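Participant: Got chain F; can you put chain U on it based on the hints?
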Amino acid sequence: MTKPKSTPKAKPAAKSKPAPKAKPAAKPRPQLPKAPTGIQGLDEITGGGLPKGRPTLVCGGAGCGKTLLAMEFLVRGAMQYDEPGVFMSFEETAADLTQNFASFGFDLNDLVARKKMALDFVRIERSEIEATGEYNLEGLFIRLGQAIDAVGAKRVALDTVESLFSGLPNPLILRAELRRLFLWLKDKGVTAIVTGDHGEVTLTRQGLEEYISDCVIVLDHRVRDQVTSRRLRVVKYRGSTHGTNEYPFLIDADGISVLPVTSLGLQHIASNERVPTGVARLDAMLGGAGYYRGSSVLISGTAGTGKSSLAAHFAEAACRRGERVIYFAFEESASQIIRNTLSIGIDLEPWVRKGLLQFQASRPTFAGLELHLATIHSKINTFKPQVVIVDSLKDFVIGGNENEVKSMIMRLVDFLKTNQITGLFTSLTPSASSLEQTDVGMSSLIDTWLLLRDIESGGERNRGMYILKSRGMAHSNQIREFLLTDHGAELRDVYVGPEGVLSGSARLTQEAQKQAALMIRDQEVELRRIELERKRTTLEAQIAVLRAEFAVQEIASVKIIGQEKAEEAQLAQGRVDMGLSRKEDATASKRKSGPK
Amino acid sequence: MKTNPTQPAPPKAEANRYVLQLFVAGQTPKSVHAINNIKKICEENLQGRYELEVIDLYQQPQLAQGDQIIAVPTLIKKLPLPLRRIIGDLSNTERVLVGLDIRNEA
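Protein sequences, first through last, are from chains F and U. Here the first sequence stands for residues 1 to 596, where the numbers follow my numbering. Here the second sequence stands for residues 597 to 702, where the numbers follow my numbering.
For reference, chain F alone in the conformation it holds in the complex (with noise of 0.2 Å):
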């Protein structure tokens, strides 16, 4: 009995003057120690948990979740950190605890007989109680005491210390006692959260932070257009930087998770490697090859355009290729999309049973933005896929919060450019506005933008896409028309002619019209090649006549010039035979034969 005795006493009595002492002569050292809640995220923010050996206040309305993340800092400290913990309840019993929390997985029973957690209720009855003078929390601190000492404590959860307010009278002496407290806590050198509610000047309703002012965390449960987001901020943290900001949580199966889930900064690496489209002829648009991996592809366009089937070849083709697909559904449901996209000849179903392809469908009304994000991260992070759909962001602009829309797409484009997931959004665009005008003005963000829109002409209303930007890549400019079939998207010429573009109808009227044009040319060129024959054969055969002529003419001159040689001759004759008949002598014979 003494030994017990003594130690709660000995130390708080004795240490409550030294105390604030011993802490500053620890500080200097170049990184204050902290203990890890083990709570996903807030480590993070907190630069690594909460200040050792000092009580950090968490304060929060009413169902913020203050009791869980005390509970959680004691439960994964008993669990993962060999810390044991005590948990000291002013609102809840033991027995409400111990079922409550049964629901996250903590099985509070078991870790009470293993001696790693005790749980104290502190019933006060106010009713029950008369004032008849001073007094002090003394068996407070010893009920603690003995509880800290029995399990060698190093976490403790006061909540809500501010109940005593309500339940004790002469709150001045109480002030006191509680600053005592926290001094005594810090002395004994444990790990505290000491919870408070929402106050309406100060943090909390008793000021509490006047006197815990190591690390002070508030959560808040905000409602904003009838959505609520839970959101968690370190107000304060001495001897530490940390995260500044808002940040989103969630309180899920598991217990908490916060996600800092703020612009890491441009980063992230790009990949070279290149992700098919789906679709044979888009992946030609993209210079043969499709997006790049780890980009972020945007398909806009009016309603009705095509946007989901041309996501769910994407999806279809990541999972040929045996990669992993988380679709984010917030217009239909898995099993209407399913059964949508087969009509067009994608069955996504076996990738959904094979554990590939992923559906989350919900509305967006169901939470509020950051609750979103979040829960899109913690699917990613659970899934761990290598694209990631988003169908369609249209759906989060509700009302007049398209500054925040952008900012929370910026943050989930970072996440996955970071961990090199392909993004595919769709987006729709109303009719009346421009085209390239996307609600939430996100261009700046995205690698690919394919733009899908209907052109109307003749009477009919048909779909045509091109490609508005593709960055590091040439990329075709042109606009293709694009086709709905019951196997698949298929993307066909389009053409540009006076009125316009030309699509649907009006382009098969255009293709057979260009086919008969051809045929005409066909035929032309076929009737010039006969008459050039035509022509040739006519010249050859003149040719031929003319020379057949040239020849009788030569065979005549050639026997007229031997008729004149041989009558030259036979005048010569003549004249040699007439001299002989008149008998001329031999030398005139002789001259006559020399000429000749």
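Accuracy of the hints is not assured; some may be wrong.
Output of the computed footprint for chain U on chain F, the stretches with three or more beta carbons under 8 Å from beta carbons of chain U [as the list claims (entries may be wrong)]:
(1) 111-124
(2) 138-151
Just a sample of chain U residues kept apart from chain F, beta carbon distances all over 12 Å, derived [what the hints assert, rightly or not]:
(3) R613
(4) K635
(5) G644
(6) Y646
(7) E647
(8) E649
(9) P657
(10) L675
It is worth saying that the hints were derived from the structure and are not from the lab. Just so it is clear, the structure is predicted and the values come from calculations on it, not from any experiment. From the three backbone atoms N, C-alpha and C, an ideal C-beta is built for every residue, glycine too.
Facilitator: Below, chain U alone, put in the same frame as chain F:
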């Protein structure tokens, strides 16, 4: 002083004795003060029909949890019912008497 409370008390006195526990922490001046106060009040008002137990929580810290003690000194009226807790050094005799249901609210 003695007669007043005893007059409404007799039916109670036979049926229920007063069972009182005073929780203190150590022999501090305040504790001593509270012990002296309650002893005086009991002797003056409940003579012969009360049990008073003084518990030092430093000696028996485990009792703090079982009896839901937060503040000290705390006087618990276990019997007669209803259970009452009287917090403080018991220097205000009037409030102690009201708390013990010995005297109706003044």
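Participant: Compare the structure with each hint and give your call.
Facilitator: To see whether the hints hold, each was checked on the structure:
1. By the rule of at least three residues with a Cβ nearer than 8 Å to a Cβ of chain U, the coverage given for the stretch 111-124 of chain F holds, with 4 such residues.
2. Requiring three or more residues with a Cβ within less than 8 Å of a Cβ of chain U, the coverage given for the stretch 138-151 of chain F holds, as 8 such residues are present.
3. Against chain F, the non-interface label of R613(U) holds: every CB pair exceeds 12 Å, the least being about 20 Å.
4. K635(U), annotated as away from the interface, keeps every beta carbon of chain F farther than 12 Å; the closest lies near 15 Å.
5. For G644(U), the requirement that its beta carbon stay farther than 12 Å from each beta carbon of chain F is met, with the minimum near 23 Å.
6. At roughly 17 Å, the least C-beta separation between Y646(U) and chain F is larger than 12 Å, which holds for a residue marked as non-interface.
7. Against the 12 Å criterion, E647(U) stays outside the reach of chain F, whose nearest CB is about 20 Å from its own CB.
8. Every C-beta of chain F lies more than 12 Å from that of E649(U), the closest at about 16 Å, which supports listing it as non-interface.
9. Not every CB of chain F lies more than 12 Å from the CB of P657(U), the least distance being 5 Å, so the non-interface label is violated.
10. With 12 Å as the threshold on Cβ separation, the claim that L675(U) sits away from chain F holds: the shortest Cβ distance comes to roughly 14 Å.
Violated hint: 9 only; the structure is consistent with all others.
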